[in-house]
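Undergrad: Each chain, letter by letter, is given below.
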Amino acid sequence: EAQVTQNPRYLITVTGKKLTVTCSQNMNHEYMSWYRQDPGLGLRQIYYSMNVEVTDKGDVPEGYKVSRKEKRNFPLILESPSPNQTSLYFCASSLRRAATDTQYFGPGTRLTVL
Amino acid sequence: GEDVEQSLFLSVREGDSSVINCTYTDSSSTYLYWYKQEPGAGLQLLTYIFSNMDMKQDQRLTVLLNKKDKHLSLRIADTQTGDSAIYFCAETNNQGGKLIFGQGTELSVKP
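For the protein sequence lines, the chains are A and B, in the order given. Just so you know, we're using this note's numbering here: the first sequence kicks off at 1 and counts up by one. Just so you know, we're using this note's numbering here: the second sequence kicks off at 115 and counts up by one.
This is chain B alone, in the form it adopts within the complex (with noise of 0.2 Å):
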């Protein structure tokens, strides 16, 4: 069935990189989403990656797709204190609507 794993905690230093990984395993995935959680908050969408790219830069984030490993991750440059929270990656397929969701990785940015 469909399944998405991500690593449950990384702790990185202002200003180091951040590298969240995700794997997936549904072929039939279209879309694939990085949504961010901030304590007390709901989900906030940062970037999606379209299944025939494979690589997405906006602003500090890069979002890396290998499609044959079925593997994802999302590189945030510069790592604030600000960036602390879970981030979650997500896939969906052509239909849309339905997320599924990896476990969370909660990134915490030590001054």
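The following block holds chain A by itself, in its conformation from the complex (with noise of 0.2 Å):
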């Protein structure tokens, strides 16, 4: 089945607490995202990559490091998480970055950082 999947679902940390979300998509896509969504927000993208070892910063990278070693693989790295980065976030990947293509959501992280 084709789909994007994240670990872990849910996450309670405390601040300064190093961890990583991962995610991972099984349709050779080329383009991937992270994004967060924020009550009365909507979903804002953090970072993006292109394909592999090819990365950029969206709209709201500040305290989010990523890395793309591999096509399948794009994680989200908060190396001192914050009160500030509780939020629901989300990884997406399209085939290319077009906007014909569909882009694919995997089902969210919930980050909880006390």
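One or more hints might be untrue.
[Stated by the list, open to error] From the structure, some residues in chain B lie toward chain A, with a derived Cβ separation under 7 Å:
1. P153
2. A155
3. G156
4. G211
5. Q217
[To be verified] Which residues of chain A face chain B? A partial, calculated answer using Cβ under 8 Å:
6. L41
7. A98
8. A99
9. T102
10. F105
11. G106
12. P107
No lab work stands behind these hints, which were simulated from the structure alone. Using N, Cα and C, we set each Cβ at its ideal position, and we do this for glycine too.
Both chains are sitting in their own frames, so use the hints and assemble them into the complex.
TA: What follows is the structure, encoded as structure tokens:
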């Protein structure tokens, strides 16, 4: 089944404790991105990747890092999480970076930083 | 800058039509999308419309685009309780990739 998976689905952590949220897709997609969803703000893009070893900042990159060592995986790293990073995170992928290519979203990771 | 606005809540009775509205500011918007988010789930693409179209119909869904007013709407005919969800309007430009989302409209369908 074609899908985007994320782990963990739920995470409660404390300020400053490094964490990684994994994202994996099995559709051989080149384009992957991370969004955060906050009440009243919709989804905002954090980082994106055009292909392996090619990443760039989205609209809200502060406090986050990403890597793209393999085509299928695009982990989101929070080196020193803070309470304002409490949010619902979604990974998305599409065949290419093209408006005509459908973006597939993962099920989301709910992160709480105390 | 780019901005997409939606009303936050809509409540309808089962069997009625629902109309969810969206406005956007970016003149270079090329594709406009409607996504559905059910509780605890990711976003599912419902439909999209290219900016040179003014209407698209897909079964119970009708999308209307008024490019002059930068207004997009999603009409769901014969709304069912299974349609209860949050609906997001989103847009992108010619490059694709980054989606600019509205705040989401929570649709509640009452039996």
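Undergrad: Each hint: holds or not?
TA: Evaluation of the provided hints:
1. P153: 11 Å, violated
2. A155: 6 Å, holds
3. G156: Holds, about 4 Å.
4. G211: 4 Å, holds
5. Q217: 5 Å, holds
6. L41: 6 Å, holds
7. A98: With a closest approach of 4 Å, the A98 (chain A) hint holds.
8. A99: 4 Å, holds
9. T102: 6 Å, holds
10. F105: Holds. Min distance 4 Å.
11. G106: 5 Å, holds
12. P107: 5 Å, holds
Comparing the model with each numbered hint stated earlier shows that hint 1 is the single one that does not hold.
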